[in-house]
Every structure is written in structure tokens, then in C-alpha cells.
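Given the structure of chain U, go ahead and fit chain X onto it with the hints provided.
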Amino acid sequence: DGGITQSPKYLFRKEGQNVTLSCEQNLNHDAMYWYRQDPGQGLRLIYYSQIVNDFQKGDIAEGYSVSREKKESFPLTVTSAQKNPTAFYLCASSTLAGTGNTEAFFGQGTRLTVV
Amino acid sequence: DAKTTQPTSMDCAEGRAANLPCNHSTISGNEYVYWYRQIHSQGPQYIIHGLKNNETNEMASLIITEDRKSSTLILPHATLRDTAVYYCIVRVEGNTGKLIFGQGTTLQVKP
Chain U
2 DGGITQSPKY LFRKEGQNVT LSCEQNLNHD AMYWYRQDPG QGLRLIYYSQ
52 IVNDFQKGDI AEGYSVSREK KESFPLTVTS AQKNPTAFYL CASSTLAGTG
102 NTEAFFGQGT RLTVV
Chain X
93 DAKTTQPTSM DCAEGRAANL PCNHSTISGN EYVYWYRQIH SQGPQYIIHG
143 LKNNETNEMA SLIITEDRKS STLILPHATL RDTAVYYCIV RVEGNTGKLI
193 FGQGTTLQVK P
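Protein chains in written order, with my numbering: chain U, 2 to 116; chain X, 93 to 203.
No false leads were slipped in.
Heads up, simulated EDC-like pairs for lysine to aspartate or glutamate below, C-alpha to C-alpha not over 20 Å straight-line:
no., chain 1, residue 1, chain 2, residue 2
1, X, Lys190, U, Asp31
2, X, Lys190, U, Glu25
3, U, Lys10, U, Glu73
4, U, Lys84, U, Asp60
5, X, Lys144, X, Glu123
6, X, Lys190, U, Glu73
7, U, Lys72, U, Glu25
8, X, Lys190, U, Asp55
9, U, Lys84, U, Asp39
10, X, Lys144, X, Glu158
11, U, Lys71, U, Asp55
12, U, Lys15, U, Asp39
13, U, Lys58, U, Asp31
14, U, Lys71, U, Asp31
15, X, Lys190, U, Glu63
16, U, Lys58, U, Glu70
17, X, Lys190, U, Asp60
18, X, Lys95, X, Glu123
19, X, Lys190, X, Glu123
20, U, Lys71, U, Glu25
21, X, Lys95, U, Asp60
Hint data in this document are derived by calculation from the structure and do not stem from the laboratory.
Here chain U stands alone, though its shape is the one from the complex:
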């Protein structure tokens, strides 16, 4: 089945450690996104990518890094510079804006807890 997969579902890390969240899609989508969601809040855009080897900062990129070495994969690293990393992280993919009116598909999210 085609879809977008995030792993792991739950992740615990000690403060000061970097951690990488996985996002893989087999939908042949060019665009991929990372969002952060805090309790009772909406989704905030961290990074997005429209093509391999290129990505742009979203609204809250500080303390995060990404890579896009393959079309299918868009991993997010939460670095020790992120002051409040505990949150629910969502990955999404879609076709490119302007190529057609298609929806974005979301993964089921990774809940990161930093202790």
C-alpha cells in the first residue's frame, strides 16, 4: 500500500542529545514537510522540501535540521539547540504546488519526550 511512514511512534531522549526522526513515503511525491504540534495547538511548519537535495526553513526551524538525499526520505534531526523539543512531530508529503490540486498525506506522527 502507498503511504507515508514515520518511526518510531514514541521516542524518549535525554536532554542535550540529538535525535533523528524518520519519515519515508512511497507515493512518489516531490514535496515533503515537517510540522511540530504542541498540546492544544495547531501545526507549525519546521522545514519543507520540494526537491531532492533542497529544502527551506519553515516558521520554527531553529534547533532543527533536515536532509533530502532521496526523494522518498526526509529525516528530521532535533538538535540539543532546540530549547523545548518535547512535542508531537508530523511529517507530510504532496505533489508540488502548481502541478495540480492534490492533497497532502500525513504520517501518524512521532511523539518525542525529552527528559
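Chain X alone, transformed into the frame defined by chain U:
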């Protein structure tokens, strides 16, 4: 910044139609309106989208005003499983391609 404005919360009786409004007064001519919903602790789910004509699918109907500055998502017969946060999004066209979410509307369907 989000380009849409939605009420924070709404209630609806089970079996009744739920009408969720969204304002997008700065929408450009080639931008689509998308609706998603998010059930607690899950990824958002696509519902419907439109440009300027009204749209209907198996989940919902989308009514877009003639000036395109606002829209309404209609769930014709709301069930308890429709309790969720509903997001109205304007798809940014051009080189950015960003998907910007607002705070959404929390819909509570009551028995």
C-alpha cells in the same frame, strides 16, 4: 502566518449538519482551499478541497463564496466519530509550496 481564520470551537448534535466556517480574505486567484481534520494524536486527514465551485464528496461538502473570501465545510449528518479538530488551509502556490495550518476549529459532536 496562517492565511485563514476559523472559530476556536463548535458543538453539533449527532445526526445534524455541522457547518464549519473559514475566512480567507487574502486568497489569491489560483489558490485552492483545503480542509483537513485531525482526531486526537493522529495525523491530519484530508477531507475536501476546491477552487471556486462548490464541491461534494463522500465525506463532506465545501461551499465557497463567490468572492472566494470565505468558505464553509458541511458535514451533512454528523456522528460522534466526526469529533475532531478541523483545519481550513489555503494552498500557497508558486515556488514556496508551503502548507500553512491555523489553529483550526474543534468540533464536538454530542449525542
